[in-house]
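Now for the letters of each chain:
There are 2 protein chains.
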Amino acid sequence: MTWLDLPADTLFGLDNLPYGVFSHGERTRRAGVAVGDQVLDLSAAAEGESFGRLLGAGVLNPLLAAGPDVWADVRARVREWLSEPRHADRIRPHLVPRNEIRSHLPVEVADYVDFYSSEQHALNASRVFSGGDDLVPPNWKHLPIGYHGRAGTVVASGTPVIRPAGQRKPRKATEPSFGRSSLLDFEAEVGFVVGVGSELGAPVPIDEFPRHVFGVCLVNDWSARDLQGWEMQPLGPFLGKSFATSMSPWLVPLAALEHARVPQPAQDPEPFEYLRGAESWSLDLALEIRINGHLVSSPPFATQYWTAAQQLAHLTVNGASLRTGDLYASGTVTGPAKDQRGSLLELSWGGREPLALGDSGETRAFLEDGDEVVITASAPGPDGARIGFGEVRGTVAPAVV
Amino acid sequence: MTWLDLPADTLFGLDNLPYGVFSHGERTRRAGVAVGDQVLDLSAAAEGESFGRLLGAGVLNPLLAAGPDVWADVRARVREWLSEPRHADRIRPHLVPRNEIRSHLPVEVADYVDFYSSEQHALNASRVFSGGDDLVPPNWKHLPIGYHGRAGTVVASGTPVIRPAGQRKPRKATEPSFGRSSLLDFEAEVGFVVGVGSELGAPVPIDEFPRHVFGVCLVNDWSARDLQGWEMQPLGPFLGKSFATSMSPWLVPLAALEHARVPQPAQDPEPFEYLRGAESWSLDLALEIRINGHLVSSPPFATQYWTAAQQLAHLTVNGASLRTGDLYASGTVTGPAKDQRGSLLELSWGGREPLALGDSGETRAFLEDGDEVVITASAPGPDGARIGFGEVRGTVAPAVV
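Residue numbers (our numbering), protein chains in the order written: chain A, 1 to 401; chain B, 402 to 802.
This is chain A alone, in the form it adopts within the complex (with noise of 0.2 Å):
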């Protein structure tokens, strides 16, 4: 019940509530709620409230740190606000149409992390490289294999991604050359951001995962597949991902995901003790993919092998601490049908079965200049209601060298 006028399938109803910072006119970088097509300035609605003073930082990390009792509290009062008629006039002004705004970063992210932790990524990425072969790597049922990324090059949505240069070495060739990528790819990704910090020395315990993690958006973990090919051996990949990786603008509460949580696929062989949890944190998302509007694929994310809370609990049994702001991507998400593949790379066979986009008559092997990826996603709601992730989208732009 509210007194706002949502549209009927909106995916942002009062049991959403997603957080984001906003510009908009004279308001400068402000926390913001989305609902219905508008955005609550929760940094004016706020004053006045205790926990308003988390709120002024131009990003969400202050309220972050706070940790949950203060996520449940500014939940609740957000969602009586937007109820309960006797607010109306009050909130009434500090609601902005969506479509007027601009988006920024969340949040300043700390250290990003970027996982590995589909099986048919794994396996694909296997086949498309080494043509046939069909394992996973010795370790990647032992441990949510992952790797620290560039925090410094994470990038709001609708930032354009320029095409990198750098070296590559095709097989084919006997030396390496330089120049602009030709195998610039994207990855779909569900992002999960944390709130409350750890102590060095101290591993997070599984099951402590929601009293770390706020929320849940969406990155695009673009991909220079020439870079990555020459450079990653022996230490992994590195300038073929961080010339930009996209983040959506919208943290989604862990709080407004209850009815998305589903039991998680069985795991032989059983992982070791810290990575098995009282509950499962497989969440029902249903991801989509555009490229310059054309639905080229629909992942589901329930059937991830690793969970967030394993790969938090794996992140940090070694003692590494957390820091509010820390990012961390769950690796490309992708299902068993051709459809369901979250990178081009999956989606033309490594280029070698060009994915066609829609009936426009064009294909792509890896993208072209003026790409646009959109990715969206949603999940099940209350009452047969959805929860939207909005969108994480980027266009690419000419290289510069």
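Any given hint could turn out to be false.
To be verified - Here are the simulated lysine-lysine pairs, DSS-like style, with alpha carbons at most 27 Å apart: (1) A:Lys141 <-> B:Lys573; (2) B:Lys542 <-> A:Lys172; (3) B:Lys570 <-> A:Lys141; (4) B:Lys573 <-> A:Lys169.
To be verified - Short, incomplete list of chain B residues facing chain A, as computed with Cβ under 8 Å: (5) Phe579; (6) Val597; (7) Glu632; (8) Pro635.
Hints are computed from structural coordinates only; laboratory data are not their basis. Yeah, the Cβ is synthetic: ideal placement off N, Cα and C, and Gly gets one too.
Put chain B on the given structure of chain A with help from the hints.
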């Protein structure tokens, strides 16, 4: 010339003047300059100066962001204060004995990147692991291999290093097991700290190195070889490194290292143009590594294959931006002689030839609880003087698991 009573053989004369952050008694975190056996409280001494406003943050980031002209200005003023007797009465109260201070991280680290730029180390690593192979990876001489590490676990010198736990699979084991790392190691490295950031999409030309990098420090990139060995294929080191990376307290400005610059060793094949600079940034640093007070190695830095200027150009050639506080490290510094190796992995040849700790009768294959590792370095200054880097120190604390 100085009115200070400097020890004759000090490594912290007026040609050094490195910057750090310290606390002392009631004085909370403030900027300092090491001189002789003392520290100048720069935050206090600079009151009234135009750059005074850059020194109150408890980290050096604002000073670093201010750029080379300000760096030169501050350095000139500090030299003047410590040289000219007319300043003595005003400055003397701002000097504190260095053995009374507590040092902190000099900067808030933005992104941390670790390179792999000693050819001898790469060869040794290859030989230890594969047993006899005499080759560096095929890309190694074409690009400075690097990867992102965890910025949030870069710790100040002196911070205890808690032995991590995690998964490992010894070669002869058929299944991985979970437990405390038994192959804990150090890596002696040289670190470079970025002052002036750069824009996304704009590679930093190699000759712009001194306009972006503020100064140099020492880094101990602690490594759990068993965790690292099991996890690092295919995406690189992760938990085997992320439990702690120690950084020395004093940033030696590039301006203090003019006499340490030496010609770069020949590179074959000739690197791509973006890796060819007009001037050499090879630096003649002499490192020393002590375990429990015993000198175990003296790695030379001058012969590293890739320089810090090449590393910076490579790091940004894909358009990745820099931020103030970015830290990147050289990779393990290892020379050709046995007593020039920069890690225990090499010094004990993978544990097969335990290293004698001086005449103590003790040996080490890998680090034991309670072991203290201290890395120091010095470089040529003017007139036969030496420029000291101080030390990065850490003691192994028992695992908590």
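Here's how the hints hold up against the structure:
A threshold of 27 Å between alpha carbons decides the hint, and for lysine 141 of chain A with lysine 573 of chain B the separation of about 19 Å falls inside it, so the pair holds. Straight-line distance between C-alpha atoms of lysine 542 of chain B and lysine 172 of chain A comes to about 19 Å, which keeps the hinted pair within the 27 Å bound. Restraint check: the Cα-Cα separation between lysine 570 of chain B and lysine 141 of chain A comes to about 13 Å, which is no more than 27 Å; the hinted pair holds. With a C-alpha separation of about 35 Å, the suggested pairing of lysine 573 of chain B with lysine 169 of chain A is violated against the 27 Å cut-off.
Against a cut-off of 8 Å between C-beta atoms, the interface hint on phenylalanine 579 of chain B holds, since the closest Cβ of chain A lies about 5 Å away. For valine 597 of chain B, the interface hint is violated, the least distance from its beta-carbon to any beta-carbon of chain A being 14 Å, above 8 Å. Hint on glutamate 632 of chain B holds. Least Cβ distance to chain A is approximately 6 Å, under the 8 Å limit. A distance limit of 8 Å between C-beta atoms decides the matter here; for proline 635 of chain B the minimum to chain A is near 6 Å, and the interface restraint holds.
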